[in-house]
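Trainee: Chain residues, written in single-letter form:
Protein chains: 2
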Amino acid sequence: MNKIIFQEVLICNKSVEKSKNINVLLIVLLRSLTLFFHTTNKISSYLKSALLLVLVISLTSFSCKEKESKENTVTSNSGHPSLIITKQGVKDIRSNLGSIPIFDKTLATTKKEIDSEIKNGFDVPTPKDYSGGYTHETHKKNYVLMQKAGVLYQILEDDTYAQFVKDMLFEYAKKYPTWPIHPKPRSYARGKLFWQCLNDSNWLVYTSQAYDCIYDFLNEEERNTLETDLFRPFADYISKENPQFFNRVHNHATWGNSAVGMMALVMDDDELLDRALNGVKDVNFNPNKKDNDGGYIRKDGQKIGFYANVDEPFSPDGYFTEGPYYQRYASYPFLIFAQALQNKKPEHKVFEYKDGVLIKSINALLNLSDSGGDFFLLNDAQKGMSYFNASLISTVDIGYHFGGNDPGLLSIAKMQDEVTLDDAGLAVALGIKEGKEKPFVKKSIELSDGANGDEGAVGILRSYGLELVFKYTAHGLSHGHFDKLSFALFEDGEEVVQDYGMSRFVNIEQKGGGNYLKENKTWAKQTIAHNTITQNETSQFKGKYDIGSKHHSNKYVFSVANENVQVASAKEENAYPGTKLHRTMVTIKDEDYENPYVLDIMRVSSENTNQYDLPFYFLGHVMQTNFAYNKLNVPEVLGKSDGYQHLFKEASASANGENIKLNWLLNNKFYTYSAINSNNDELIFGRIGANDPEYNLRNEQTLILRKKNAKDALFVSVIESHGTYSPVSELAINAYSNIKNISVLYNSKEYTAVQIETKNNKSKVFIISNENNDKDAAHKLTINNKEYTWQGTYTLTENE
Amino acid sequence: MNKIIFQEVLICNKSVEKSKNINVLLIVLLRSLTLFFHTTNKISSYLKSALLLVLVISLTSFSCKEKESKENTVTSNSGHPSLIITKQGVKDIRSNLGSIPIFDKTLATTKKEIDSEIKNGFDVPTPKDYSGGYTHETHKKNYVLMQKAGVLYQILEDDTYAQFVKDMLFEYAKKYPTWPIHPKPRSYARGKLFWQCLNDSNWLVYTSQAYDCIYDFLNEEERNTLETDLFRPFADYISKENPQFFNRVHNHATWGNSAVGMMALVMDDDELLDRALNGVKDVNFNPNKKDNDGGYIRKDGQKIGFYANVDEPFSPDGYFTEGPYYQRYASYPFLIFAQALQNKKPEHKVFEYKDGVLIKSINALLNLSDSGGDFFLLNDAQKGMSYFNASLISTVDIGYHFGGNDPGLLSIAKMQDEVTLDDAGLAVALGIKEGKEKPFVKKSIELSDGANGDEGAVGILRSYGLELVFKYTAHGLSHGHFDKLSFALFEDGEEVVQDYGMSRFVNIEQKGGGNYLKENKTWAKQTIAHNTITQNETSQFKGKYDIGSKHHSNKYVFSVANENVQVASAKEENAYPGTKLHRTMVTIKDEDYENPYVLDIMRVSSENTNQYDLPFYFLGHVMQTNFAYNKLNVPEVLGKSDGYQHLFKEASASANGENIKLNWLLNNKFYTYSAINSNNDELIFGRIGANDPEYNLRNEQTLILRKKNAKDALFVSVIESHGTYSPVSELAINAYSNIKNISVLYNSKEYTAVQIETKNNKSKVFIISNENNDKDAAHKLTINNKEYTWQGTYTLTENE
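Chains as they are written, first to last, in UniProt numbering: chain A, 1 to 800; chain B, 1 to 800.
Hints are computed from structural coordinates only; laboratory data are not their basis. Nothing false has been slipped in among the hints.
Restraint ranges, calculated between C-beta atoms of paired labels, are given here:
| hint | chain 1 | residue 1 | chain 2 | residue 2 | range |
| --- | --- | --- | --- | --- | --- |
| 1 | A | Pro101 | B | Lys414 | 23 to 31 Å |
| 2 | B | Asp158 | A | Gly657 | 51 to 59 Å |
| 3 | B | Gly493 | A | Pro101 | 26 to 34 Å |
| 4 | A | Ala561 | B | Leu156 | 44 to 52 Å |
Bear in mind the structure is a predicted one, so any value in this text is a computation, not a measurement. Built from N, CA and C at the ideal position, the CB exists for glycine as well.
Assemble the whole structure, with the sequences as input and the hints as a guide.
Mentor: Printed below as a string of structure tokens:
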């Protein structure tokens, strides 16, 4: 009997939504009483029963009062809409309309767009094209229109919008059952509307929202038709019929899981919801199978479903292992589904899952953008993607509404100048209206990689306008590049030393249907395409995903407390078996210099004799070098494979042991790269574009430092941003480097010391302990009869 | 006696400054009276004398009263300052300070700058460097500081500023006599402070203004010292001692003339003024001598001095034959000196000279800029120069103040957000304050070239965001390029089909001292560097200035009344003897297209068999071609001379007679170039950068259409801007051309007819009469049994 009562109370409890504190109170009370009944055996069982009855009655009454009072202030999650925009949200939005400028503006824009589309009519064409083609773009447009029209119906109470959604849904319901698998064969998981299940999932994520909005506009028969002919077979197709797509840990699966999950929430189908959260069970899979991007479908024993997709790719810091470009893409399904789940089934506490990682991921993602909001290029990523992307509007609004109303997010929302037309967007609009926003300050930050945060990290050093992105992560799943310890440098939101990004023109049909180009594998993923070490003209991990995905770099130091000397240091010991790489990047703000500069120390130690290439992908126009180079009459192809086949050798020089200097101009700013060289190091001016029969690559330049026949090697360089040019005033200011010389004062297994001298004969010495990163350790080192003592892993001192 | 009285009256008249109406009245009166005396012989000569005496007395009295009353309201031009800022101007400025925002702001900025410089102290170093180097940049800075400090002294009545100018001037006066000719040998006219007299002249133009401002702050002895030790020898050096510099028609000479003229005005030295206005007389010169840019010093019999420099390079439309980049540079000395002359000696009526060409030139120059204000690239020109250049602030302000207060200029001044700190700047500031500004609307315009406007022209077609610049001018003096009938295309202020500009990094010392690079001659000036015909891999006029400067292209049609069909057509018959070139460029706004498109018809007819190359310097990334090309494993150098040695051949294809299409992406916009080709025409993808040992060139792309073994040839193409891409939404809109086919329906000596068909099977036919440009002529032409009749040189009709 006790058991029955417990169940009863819990059921009632369950219906008292959101009244968490009261639930806790009840549970404590019940547990105390139960204990009492079990221990005080002296009381007769009748008395027990009577007391119990009183208890049940009073509790039920209390609980129902609570429920009643709640209904007056907070929405019930039963009924529709209840996923993204809720019944209560609709009420609140309506009562605020006209007084919430950013929301009103978004609403007006959306209304204008949808009104025009309703006027033009819609098309539901027979699927045929890859992305960029008509049928692809039309189905893509349709789901966006339905989602927006659904919301407009709720907010504006105008049946026209509901009717538009209804008409389109019925058109889909009529045609969907007749459509075979999409005719384009490229995908490992072909969709029905689109060439891949991924896009079909996109469709369902949006359409489920539209359905939620017009649910009550439809009668039961209509709903039955839609669910039977369209939604359930659709959900089954992308899950049960494509487990190789659905049962993964990958952004593809996240979309699939969320799509099915959201439709499950609308239809109140717990079986389907469980499938979304925990995957399609009892499916055999082949652990060697790969997707068409070259990524494994699934590792043996790997968890599946939505929770698994939160667990694995996100580090505890919220870094998404594929990188910000894909996080931006994945963040929408993660967060839109989490939001729906929170609204509809708060007991899942999805935003608390894994110590609140979904909210943390928003902060991480925003920190992975440059000062203009463009995401840093890590792994496969298209340049120009930024937090102005539509999915980031939703991300920021959800982050604000469900993540504790961080006022910094309001300033981003204000720049986005748009909010989502739902409860979260309303919260943001009200926050802005009330003037609550504060600047979102991006500071230097290290974001760990790996489900447990122990698979390396991305280190971002920010110093005034400079932003240095240093990569020492895990592989990044199928979108990973083979570029351990690579970096990129930005100034004032412009890339100065570049990461190439991916070789793809997303959705531009002319370029391979808008999909990945073959040069993505042969060039963009290869090590030589990045600002890091390539050994013996072979990519790290032999350019093999199977090997690369088993390893990660390791953090060594990340120290940014002193904003004038910020240090990120990391080690990679698996990229080339037998060779250890240790790179330390430092931003130094020194009053003797116009701007902060970057010190870069790359130590290589190997058991074998190798050739080491360290490219420097500066963007801009060469102004001057301090070394004589021999420009070839016609370029040569630099190598045969591993990306080298895509590089032209344009010029070369032999180093004489002096510092080399490369001075260049970009965006009317002068930069200088100063690097220490040994006698007979080779310098190669290269240009991207060889073996590129269709002009898929950008023909940008690089300067490669090459050390031949070396076991150990030490690459040390400084990057300065020191001057400006104006084509309007034609004035060149500080066109030259401020550095006279950089030199290695000391280099052993234990310590490396570098001296940097200015033209005014001031000098600084940076010393790092190479094997002891205990920040409390005391060090003492004598160099040229001078004793240096310090505490911690590194020191920067004036050299008098 | 009559003669004497006339002189007397004129002298008196002369002193009644600015009272033009009264002058006119007096002259009319006198003339009437003189006529009266000559005709009424009956009146005795005594009576005549008596009447005359009365007249003289009354006129003198009237005139002097006028002068007296004027002094209370308008400044007298005697005294100082009187050149740029006048006594009256100073009064008016002071009384308006604090209520003229744009002026107040400029004043505050200037004050802040000069205060800081005064605090830092100045240096007058011994001349040593080329531009970009310390001594060059310091002397350059000094003259700007003196000019500004002088003005501040006048406006703020603070002796600190006068003292600063005085100290610096005395430092110069002390050192100047000891300095030899500048040690750097590159110039045909070496200066003393700078490596060329040109920069010395810059110094004097600014310094004369400073001297004018502090003239009364100095005592006579001080003035004597400065004039004797510095100003007179300085003026003599750049004029008498360097007549090869001073006695030219060239922007160099304009600076020299203005410099000497302005100092003459300050010192009230009429002999020196005459030298400025009319040149150094009695100097022998060698007509074969050239300057270091390759331009002739002077043509035989050519006029010299300031007026000659107004006469010759400016066409009656105000187009400056060297092009807008140099006009921008020259406009400052032209206008600053004209302003000084107008203020000090209005009787010269300098702004009325040559039918007011100096004011017209301002309008012409502003029209030679793209929608963002960047000047079009014609001849030697550095990209990025715009009407935000300091000299344009002065140009616009002078244009407003002395050119009839055109409210359009106020909108440009407002964008410049700065005014000159003088009478003209005050007028602009007051105009803006009073809200008088109107948009400066740039329309399609043809600007004739040549002193008499009969040496070709520049035609600018503007259609919505598109701006097409079509060049059919004279050579453009020593800064001219060999590119008759070339064009460049801009959209929304961005260059789409480029003119390379010059090969020079102005004032960037790292690049050849900031001077012209040798690639300017070997590449940038050559025909193949431009979007026009090169015959037999030889530049037009054999690339020889001597030949090129004797010829010009000829206007044929410029018709822009119908903004939907705008036509510019021109002929060139001297670039290649025996070959005639006729190019017609049309912008067509057609509702079947997203944006206006450009139709380009280049007719070549020759007595001989030749090879014709027509390059197309598109900027951006190749998306797709409809023809298969063979990309070379490594590029080849395209040719041996005439610029071909700087082009790499990267890929080639053989045309099959079908239209070729090149689709590309620039600044997130999609463009397509469609061109008619004959069987076996060759298509070459080229890239700039061969034989460029120091990375002086930009490595941009071109597509060359090559017709071999042809006498006559017809190149017909269409350029469309048709779509957009967003890297944020990743949406590609209208990525493809709207054109199915273009074809030549008819081509004879008399007529050329081109048909353009859209993908929706609509077609238009453009017909041009090739030999009769009478706009009233009636034409009838039957093509494929269809009769076309029209009036005027061309027609565009629907083809049903």
